[in-house]
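Please put together the full structure from these sequences, using the hints given.
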Amino acid sequence: MADEAALKLQRRTAKGKLIRTQNVVQFLLKGKRPGSEVKDSFIECKQAFEDVCKKHEDYASVIVQDDEFEKQENG
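Read in the working numbering, the sequence shown has 1341 at position 32, and its numbers run on one by one without any break.
Fair warning: there could be bad hints in the mix.
[Unchecked claim] Derived DSBU-like pairs (lysine-lysine); straight-line CA-CA distance at most 35 Å:
1. K1326 x K1341
2. K1326 x K1348
3. K1380 x K1324
4. K1339 x K1324
5. K1355 x K1341
6. K1326 x K1380
[Claimed, not checked] Between beta-carbon pairs, the in silico distance windows are:
7. K1341 x Q1319: 17 to 23 Å
8. G1340 x D1367: 22 to 28 Å
9. E1382 x P1343: 22 to 28 Å
Keep in mind that the hints were calculated from the coordinates and are not lab data.
Quick reminder that beta carbons are idealized off the backbone N, C-alpha and C, glycines included.
Given below as structure tokens:
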């Protein structure tokens, strides 16, 4: 169970980073910042998204209860 909790925490942390990077991209777009700044931030956002996907797969692979798995996959 400790492994499951640790993986869930890692996924939550990765999701937080993704949200922060998305906010930066939106801020730069609204502020009409140079394309190079937006591109750099978008690349970071894309990497954060890929990290969330990997962390989710890692977490989903250790979920024992079927109802918890369905909740995490669909919600």
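Results for each hint:
no.	hint	verdict
1	K1326 x K1341	23 Å, holds
2	K1326 x K1348	17 Å, holds
3	K1380 x K1324	17 Å, holds
4	K1339 x K1324	23 Å, holds
5	K1355 x K1341	20 Å, holds
6	K1326 x K1380	22 Å, holds
7	K1341 x Q1319: 17 to 23 Å	36 Å, violated
8	G1340 x D1367: 22 to 28 Å	36 Å, violated
9	E1382 x P1343: 22 to 28 Å	39 Å, violated
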